[in-house]
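Visitor: Position chain E relative to chain L; hints supplied.
Each chain, letter by letter, is given below.
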Amino acid sequence: GENVEQHPSTLSVQEGDSAVIKCTYSDSASNYFPWYKQELGKRPQLIIDIRSNVGEKKDQRIAVTLNKTAKHFSLHITETQPEDSAVYFCAASTGPGGGADGLTFGKGTHLIIQP
Amino acid sequence: DSGVTQTPKHLITATGQRVTLRCSPRSGDLSVYWYQQSLDQGLQFLIQYYNGEERAKGNILERFSAQQFPDLHSELNLSSLELGDSALYFCASSVFASSSGANVLTFGAGSRLTVL
Numbered sequence: 003g004e005n006v007e008q009h010p011s012t013l014s015v016q017e018g019d020s021a022v023i024k025c026t027y028s029d030s031a032s033n034y035f036p037w038y039k040q041e042l043g044k045r046p047q048l049i050i051d052i053r054s055n056v057g058e059k060k061d062q063r064i065a066v067t068l069n070k071t072a073k074h075f076s077l078h079i080t081e082t083q084p085e086d087s088a089v090y091f092c093a094a095s096t097g098p099g100g101g102a103d104g105l106t107f108g109k110g111t112h113l114i115i116q117p
Numbered sequence: 136d137s138g139v140t141q142t143p144k145h146l147i148t149a150t151g152q153r154v155t156l157r158c159s160p161r162s163g164d165l166s167v168y169w170y171q172q173s174l175d176q177g178l179q180f181l182i183q184y185y186n187g188e189e190r191a192k193g194n195i196l197e198r199f200s201a202q203q204f205p206d207l208h209s210e211l212n213l214s215s216l217e218l219g220d221s222a223l224y225f226c227a228s229s230v231f232a233s234s235s236g237a238n239v240l241t242f243g244a245g246s247r248l249t250v251l
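Chains as they are written, first to last, in the numbering used here: chain L, 3 to 117; chain E, 136 to 251.
In isolation and in its complexed conformation, chain L is listed as follows (with noise of 0.2 Å):
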């Protein structure tokens, strides 16, 4: 089955920095990476998503970034704040036409926002 591999697990950066998340998948099958974002006690919210057919999809201050070759994907955040002070899963699908079915986690990162 599908192996999803996130780095690093824990992750502090200065307020107003940029931050990079990355996560491998080890099915070339996948076709979906969403990029989940839960606060503490809080059930996890999609914050962005991209597809296999698509190398980049930005959001703002949040960009994701796929490399279907090397089997990696990036979250990029910049300008981070402290809001964005949580804990991020990245996931990979294999479900038929990508999507909500097959989908893999990553174990998360927590992500530190120093004032």
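One should not assume that every hint holds.
Unchecked claim - Only pairs whose alpha carbons sit at most 30 Å apart, straight line, appear in this in silico DSS-like list of lysine-lysine:
1. Lys109(L) / Lys192(E)
2. Lys39(L) / Lys192(E)
3. Lys44(L) / Lys192(E)
4. Lys73(L) / Lys192(E)
No lab work stands behind these hints, which were simulated from the structure alone.
Guide: Here is chain E on its own, set in the frame of chain L:
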């Protein structure tokens, strides 16, 4: 509010006991997914139902079972509980997002199970 409703929010029980967690998906959503989140273990997929039928099975123990009823709500039954079953259990339904061009997972608030 995601529209996915889970009860109870918190549950404390003893080893060897049995509990039932309940989930109501968003109105009209046919799929229900169950995930387990233990400390340092990320989100582990347990099982998925679609319109009453089991569609996919993940790392679900034999002591655990689930079902989806005709009104589309789902229940996750955990029996012969062990200390290691203490975790957050999330239910999710899938919603088509035009910005994604895909069905995306939308999670409920979770049920926190503590086994003493």
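Visitor: Now tell me, hint by hint, if it's right for this structure.
Guide: Do the hints match the structure? See the list:
1. Lys109(L) / Lys192(E): holds, 20 Å
2. Lys39(L) / Lys192(E): holds, 25 Å
3. Lys44(L) / Lys192(E): holds, 25 Å
4. Lys73(L) / Lys192(E): Roughly 25 Å separates the two Cα atoms, so the pair holds.
Hint check: no violations occur; every hint is consistent with the structure.
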